[in-house]
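Chains as they are written, first to last, in numbering that gives the first Met the number 0: chain A, 0 to 294; chain B, 0 to 582; chain C, 0 to 253.
If you're looking for bench data, these hints aren't it; they were derived computationally from the structure. Hints are supplied without guarantee of correctness; some may be wrong.
[What the hints assert, rightly or not] SDA-like, lysine to any residue: derived pairs with alpha carbons at most 20 Å apart:
(1) B:Lys123 <-> A:Thr151
(2) B:Lys192 <-> A:Ile53
(3) A:Lys100 <-> A:Gly55
(4) A:Lys64 <-> B:Lys192
(5) C:Lys108 <-> A:Lys64
(6) A:Lys100 <-> B:Val214
(7) C:Lys108 <-> A:Ile111
(8) B:Lys171 <-> B:Lys192
(9) B:Lys452 <-> A:Ile53
(10) B:Lys340 <-> A:Val236
(11) B:Lys340 <-> A:Glu105
[As the list claims (entries may be wrong)] Derived Cβ-Cβ restraints for the label pairs, each shown as a range:
(12) A:Gly108 <-> C:Phe37: 57 to 65 Å
(13) C:Leu16 <-> B:Glu37: 53 to 61 Å
(14) A:Glu105 <-> B:Glu281: 40 to 48 Å
(15) A:His183 <-> C:Cys200: 49 to 57 Å
(16) A:Ala40 <-> B:Glu559: 41 to 49 Å
(17) C:Val60 <-> B:Lys329: 45 to 53 Å
[Unchecked claim] Facing chain C, according to a computed beta carbon distance under 8 Å, are these residues of chain A, among others:
(18) Glu146
(19) Phe150
(20) Tyr153
(21) Glu154
(22) Glu155
(23) Val175
(24) Val178
(25) His183
(26) Asn225
(27) Asp242
(28) Asp254
(29) Tyr257
All C-beta atoms, glycine included, are put in the ideal place defined by N, C-alpha and C.
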Amino acid sequence: MSDSAAEQKGMASKAHAEVHSDEEATLEGKSYRLKIFRGDAEGGKEVEYEIEAIEGMVVLDAVLKIQAEQANDLAVRWNCKAAHCGSCSAEINGRPKLLCKTRVEEYEGQEIRVHPIRAFPVIKDLVSDVSWNYGVSAQIQPFTTSEQAPFTMYEEDVERLYEPKKCIECFMCQDVCHVLRTHHKHPEFAGPRFFVRSQWLEMHPKDEGNRLQFLKEGRGGVQLCNITKCCSEVCPVGIHITDNSIIPLKERVADEYYDPAKWLMRKIRGRRNGSSNGNGGTRSTHARAGIRTNG
Amino acid sequence: MDANGHANGSSPHEVREHDVLIIGAGGAGLRAAVAATERGLSVGVVTKSLLGKAHTVMAEGGIAASLGNVDPADGWQTHFKDTLKSGKFINNWRMAELFSKEAPDRVYELEQWGALFNRTAEGKISQRPFGAHTYRRLCHVGDRTGLELIRTMQEKVLATDTQVYMETAVTKLFKNSEGRVVGALAYTRETGKFIHFKTKAVVLATGGWGRIYKVTSNSWEGTGDGAVLAYDAGAELVDMEMVQFHPTGMVWPPGVRGLLVTEGVRGEGGLLRNSKGERYMERYDKERMELSSRDVVARANYTEVQEGRGSPHGGVFLDITHLGYRGIMKKLPTMHEQFLKLADIDISKEPMEVFPTIHYTMGGVKVDPETCATNVPGLFAAGEVAGGLHGANRLGGNSLSDLLVFGRRAGMGAAEYVKSNGYSTEIREEELNAEKKRVMAPLEKREGENPYKIQQELQETMMEHANLMRNEDSLKEGLGKVLALKDRLPNIGVGGSTLFNPGWHTAQDVRHLIQISEIIIRCALERTERRGAQWRLDYDGPDEELGRVNLISKKDQQGEVGIEKREIPPMPEHLAKLFEEGE
Amino acid sequence: MAYGDIARSTTGVLRRLPWWTGPIAVTAALVGFGIYVFVTVMLFDRGEYENYLSPFYSPPVGGESFLPAWLSPAIFILWLPLGFRATCYYYRKAYYRAFFWDPPACSSKAQQRELRGPEHYRGETALFVWNNIHRYFMYGSFVLLVFLTIDTVRAFLPEGSFGITLGSLIFLVNVSLLWTYSLSCHSLRHVIGGSVDCYSCVKGGNARRKAYNWLSVLNRQHALWAWLSLFSLLITDVYIRLLLAGVITDFRLV
Ligand SMILES: Cc1cc2nc3c(=O)[nH]c(=O)nc-3n(C[C@H](O)[C@H](O)[C@H](O)COP(=O)(O)OP(=O)(O)OC[C@H]3O[C@@H](n4cnc5c(N)ncnc54)[C@H](O)[C@@H]3O)c2cc1C
Ligand code: SF4
Ligand code: SF4
Ligand code: FES
Ligand code: FES
Chain A
0 MSDSAAEQKG MASKAHAEVH SDEEATLEGK SYRLKIFRGD AEGGKEVEYE
50 IEAIEGMVVL DAVLKIQAEQ ANDLAVRWNC KAAHCGSCSA EINGRPKLLC
100 KTRVEEYEGQ EIRVHPIRAF PVIKDLVSDV SWNYGVSAQI QPFTTSEQAP
150 FTMYEEDVER LYEPKKCIEC FMCQDVCHVL RTHHKHPEFA GPRFFVRSQW
200 LEMHPKDEGN RLQFLKEGRG GVQLCNITKC CSEVCPVGIH ITDNSIIPLK
250 ERVADEYYDP AKWLMRKIRG RRNGSSNGNG GTRSTHARAG IRTNG
Chain B
0 MDANGHANGS SPHEVREHDV LIIGAGGAGL RAAVAATERG LSVGVVTKSL
50 LGKAHTVMAE GGIAASLGNV DPADGWQTHF KDTLKSGKFI NNWRMAELFS
100 KEAPDRVYEL EQWGALFNRT AEGKISQRPF GAHTYRRLCH VGDRTGLELI
150 RTMQEKVLAT DTQVYMETAV TKLFKNSEGR VVGALAYTRE TGKFIHFKTK
200 AVVLATGGWG RIYKVTSNSW EGTGDGAVLA YDAGAELVDM EMVQFHPTGM
250 VWPPGVRGLL VTEGVRGEGG LLRNSKGERY MERYDKERME LSSRDVVARA
300 NYTEVQEGRG SPHGGVFLDI THLGYRGIMK KLPTMHEQFL KLADIDISKE
350 PMEVFPTIHY TMGGVKVDPE TCATNVPGLF AAGEVAGGLH GANRLGGNSL
400 SDLLVFGRRA GMGAAEYVKS NGYSTEIREE ELNAEKKRVM APLEKREGEN
450 PYKIQQELQE TMMEHANLMR NEDSLKEGLG KVLALKDRLP NIGVGGSTLF
500 NPGWHTAQDV RHLIQISEII IRCALERTER RGAQWRLDYD GPDEELGRVN
550 LISKKDQQGE VGIEKREIPP MPEHLAKLFE EGE
Chain C
0 MAYGDIARST TGVLRRLPWW TGPIAVTAAL VGFGIYVFVT VMLFDRGEYE
50 NYLSPFYSPP VGGESFLPAW LSPAIFILWL PLGFRATCYY YRKAYYRAFF
100 WDPPACSSKA QQRELRGPEH YRGETALFVW NNIHRYFMYG SFVLLVFLTI
150 DTVRAFLPEG SFGITLGSLI FLVNVSLLWT YSLSCHSLRH VIGGSVDCYS
200 CVKGGNARRK AYNWLSVLNR QHALWAWLSL FSLLITDVYI RLLLAGVITD
250 FRLV
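Whenever a hint applies, use it, and build me the whole structure from the sequences.
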């Protein structure tokens, strides 16, 4: 079918003629070399693989090609191949990247070293155990409202919530955050991903929950973040994590805990918390889902 | 709940007990989990990926429900009619009725749980037009509606005491001596450890099987496990020949071939053109043009390319440049990013190149509309794995609401069933051991055929012989190839250990792929007509006889695929009337 | 999208620099500025030249006779802008990275160089919890800005009537940058709109929303304003010092 198309188009499309044939568009004679971490919790080493180069290849394509042709048991996570699901996070040359969104050409002339994300325990090869994150998520008070949908909510009131809602849970921000990665504060720090979630919950016009105590005193640990913005640099969907999620939360925490004027006002008005939804800081206790990955 | 199985000479296993086991954590599985948990049952959810990564997360366009926020004339009746018309009347009309009536409630329920949709000026949920929907009906948030849906459901589930087993794959369902489904065997992808789930009911929500084709918008998960689990357990499958080709998948670069270009692009006014610059849709559907139903647009695109009016990379052009950069960033930001990053194309300046890609499977496990029960006691199914609602062609956006409507019904149905039945969940030890042995076989064999290779050959075969346009000779040839591949299954061998070993996992999946492909081809041979997604070149048009039947496939006595043509019961008066009025 | 292209190619170049160039450059700039301020304030008790008042010395307070002569009036003023900047979210990022190497940069290699071990890392819970008073510095800074604005108007009035000089233009640029920097403050953004969950539910909500959106645009470049306004302060003071020292004479345009 495609051949006839090419014929009709004549010489003009010559340059592309071979591409649209069902055969893959291998770049004649060109190959890529990738060094991939192979190993498990006990340790491991980089193994070098060489593959045929294909036009427009992303690193995930390369890894899957290696998996299909040279190392069937090479462990890697992926689902959508379109930067929608956040499964394929790994570190390329020491920086977290979505493998499906990173073109191999970007590293022309450089080494390509692919490692699993390191803020969490490595299971095998490019796969780390990220189940910790789901445990944290379960501890955040979910969306809570006494109103009944359908809600009347205006675009103007919710437009700033679309940004945090874009999160695809790739956990690359968690990986690059030094509080988790170098200081291992996992038990007392929720990490940027969950500040993003807390922020939209706190700013949602209909939400009546209050997560400030969780953030400041509970295991949220927002004060442990020193706003150094590594998370914002890696977010694949462009969430300005520090500026638009963490700092606004820090400001709300400051309202609640560090602002003498606000404190006085609350005393006078007899309210216990300063968030404009103010329902007196009640935090519903809720059951948590059990999350397991390892058997 | 924890108990350790005994070694018994084979690999050890763990035992987990739940009232209801839900297989799949897409929209359907999670909604079912919420429904069953709310009724006070102990619920386990297993998923092959991490939580929140199922296909549902990739849905872009929106969720169809006749809220009538933008077009007040809309109502369930119109939604019902659109669904049946597009399904070429082989849909299960009762499912379609429940579906169109309940979809609005399910959307509002999402909002109640924290989902955020784009708003209208009046502060209501905004709705966009979509192919073959009479009114503007798709609730959406930009082009990441599925993400919103699954994240909302995921957070809802995390706030309950549902137990989630991530990266765990079920390989078999067990039945007790009464023939009820009472358990399942699963392995964890991480370590390869076996888990025997003892459960009083099982809900299948495993999604579709788009992975049987080479050019697909589906992920590695779409291997049809659920349909095969059900089939092996004796359940009936319906209209398996119906596979949806989405008209617009990416064509270049090769690595992303098949990746979805959301129908939202056409919904927002995207125009299809061929290499001559013609808006050729006027030759295929003058009235609805680009927003015709998917089967029609897909065939149009296919034909244009085949007749030599294709784009440089063998597709057609889809142009949304008139929306401008700002409009695109507001309505289709993900698409903009996807093309810019992966194909170096700025869709606000240049048209996209697109070609049909395999997208959705209308066929599936036959279920009772009210409870989602299958014909096997204790087995329920919902979501893409279930069949019947969409008939011969699914409308865009109807899947997401399907997941919620029938996910909920399946959860409730299973809960009802569990509460009203008392029986043993014991199974024979030999059966368990035999299954474990079967699963371990490729690892024990070590040297053998590469499972990826077999998968690839299958995908190419299906591409070649069971594509968008079919004929008898080609289908028969394809069947021969599939059966030959089936014979090679025992030769598969993989290296490595049980520790996160994708080769081993693929060896399991490929069996499902082959089984499903066989069923699809056999059904496609039976339906000798052109109807929706089933387009037989060797037959002229729709066949009246065949228009009144569903093709039911079921494992027969000999363990082969048995196919029965089953009469569709006549539509009751109150539904039939709807079609008279409108026309 | 030409801007995007430029940004991309500059980040491309920047990315190729070794990771430690960032923290070192920031350290050098901040230390340099600190030294300059310290030295000038110690050496000179006056920052006034004709109708120009150096921003370091505005508004002119102190100088009471009972105070020791070495105490420059600038001391009474400077704590405010310095405190404002020291508790600013952007400068916090800059000095945590540059001075404390917490972390110096984001790559895995850089993070391994972090000085503080996990046992000692406290983030903003211990000493740095004081940074939460930033909003009060912000309020104070706006008072100061009013004075600086008046100074700028005076700069346009050499000998009592309107005139434009190079000095007045420097004043104008400086005060504009200071306004932009202060308006782009995160705390201000919070006070104006960030603290409101539902604009359509509160009085004056629409105005606050518009202001918030507008401040958010400025806020996106907060770091840029922080640096530019720092340099403009420096240049303004240097300009006045040079005039005072008679090294240059003011250049009159109109
Ligand atoms: C790219 C794309 C875009 C789409 N856009 C839209 C849209 O805009 N609107 C719309 O209505 N529909 C859309 N669809 C269709 C819709 O998203 C899917 O049909 C729907 O998400 C299927 O949901 P599900 O819950 O049935 O299954 P899935 O979401 O596919 O989930 C299946 C689950 O089952 C699990 N599973 C499978 N096998 C096993 C096993 N053996 N053991 C354990 N777990 C197992 C998987 O891990 C997964 O969790 C789109 C689909 C795709 C692929
Ligand atoms: S800004 Fe805070 S959360 Fe983000 S990486 Fe830095 S310390 Fe971590
Ligand atoms: S906030 Fe961004 S980086 Fe973090 S998990 Fe979400 S998408 Fe990934
Ligand atoms: S595979 Fe989904 S984000 Fe990469
Ligand atoms: S945040 Fe920088 S000035 Fe307030």
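Each hint tested on the structure:
About 6 Å separates the Cα atoms of B:Lys123 and A:Thr151, which keeps this hinted pair within 20 Å; it holds. The hinted pair formed by B:Lys192 and A:Ile53 fails the criterion: a straight-line CA distance of about 37 Å is larger than 20 Å. A threshold of 20 Å between alpha carbons decides the hint, and for A:Lys100 with A:Gly55 the separation of about 11 Å falls inside it, so the pair holds. About 27 Å separates the Cα atoms of A:Lys64 and B:Lys192, which puts this hinted pair outside 20 Å; it is violated.
About 29 Å separates the Cα atoms of C:Lys108 and A:Lys64, which puts this hinted pair outside 20 Å; it is violated. Between A:Lys100 and B:Val214 the CA atoms are separated by roughly 19 Å; this keeps the pair inside 20 Å, and the hint holds. Only pairs whose Cα atoms come within 20 Å are accepted, and C:Lys108 paired with A:Ile111 is accepted, the gap being roughly 15 Å. Distance restraint check for B:Lys171 and B:Lys192: the Cα-Cα separation of roughly 15 Å lies within the 20 Å cut-off, and the hinted pair is therefore satisfied.
Taking the CA atoms of B:Lys452 and A:Ile53, the gap is about 19 Å. The hint holds against a cut of 20 Å. Distance check on the hinted pair: B:Lys340 and A:Val236 sit about 12 Å apart at the alpha-carbon level, within 20 Å; holds. A threshold of 20 Å between alpha carbons decides the hint, and for B:Lys340 with A:Glu105 the separation of about 11 Å falls inside it, so the pair holds. Distance hint check: the CB atoms of A:Gly108 and C:Phe37 are about 46 Å apart, inconsistent with the given range 57 to 65 Å.
Checking the proposed 53 to 61 Å range against C:Leu16 and B:Glu37 shows it holds: the Cβ atoms sit about 56 Å from each other. A hinted range of 40 to 48 Å holds for the C-beta pair A:Glu105 and B:Glu281, which are about 42 Å apart. Taken as a hint, the range 49 to 57 Å is violated for the pair A:His183 and C:Cys200, whose Cβ atoms sit roughly 42 Å apart. The hint said 41 to 49 Å for the Cβ distance between A:Ala40 and B:Glu559, and at roughly 46 Å that hint holds.
Here the CB-CB span from C:Val60 to B:Lys329 is close to 51 Å, well matched to the stated 45 to 53 Å. The interface hint given for A:Glu146 is broken, as the beta carbon of that residue sits about 12 Å from the closest beta carbon of chain C, more than 8 Å. A least Cβ separation of about 11 Å between A:Phe150 and chain C goes past the 8 Å threshold, and the interface hint is therefore violated. Restraint check, A:Tyr153 versus chain C: the minimum CB separation of about 5 Å is within 8 Å; hint holds.
Evaluation of the A:Glu154 hint against chain C yields a violated restraint, the C-beta minimum of about 10 Å exceeding 8 Å. Here the hint on A:Glu155 is kept, as its CB sits about 6 Å from the closest CB of chain C, short of 8 Å. Annotation: interface hint on A:Val175 holds; nearest CB of chain C at approximately 6 Å, less than 8 Å. At its closest, the beta carbon of A:Val178 sits 7 Å from a beta carbon of chain C; the interface hint therefore holds under the 8 Å criterion.
For A:His183, the interface hint holds, since its Cβ comes within 8 Å of a Cβ in chain C; the closest pair sits about 5 Å apart. Restraint check, A:Asn225 versus chain C: the minimum CB separation of about 5 Å is within 8 Å; hint holds. Using the Cβ-Cβ criterion of 8 Å, the hint placing A:Asp242 at the interface with chain C is satisfied: the shortest such distance is roughly 7 Å. Nearest Cβ of chain C to the Cβ of A:Asp254: about 7 Å, under the 8 Å cut. The hint holds.
About 4 Å separates the beta-carbon of A:Tyr257 from the nearest beta-carbon of chain C, less than 8 Å, and the hint is met.
Taken one by one, the earlier hints fail for this structure at numbers 2, 4, 5, 12, 15, 18, 19, 21, listed in ascending order.
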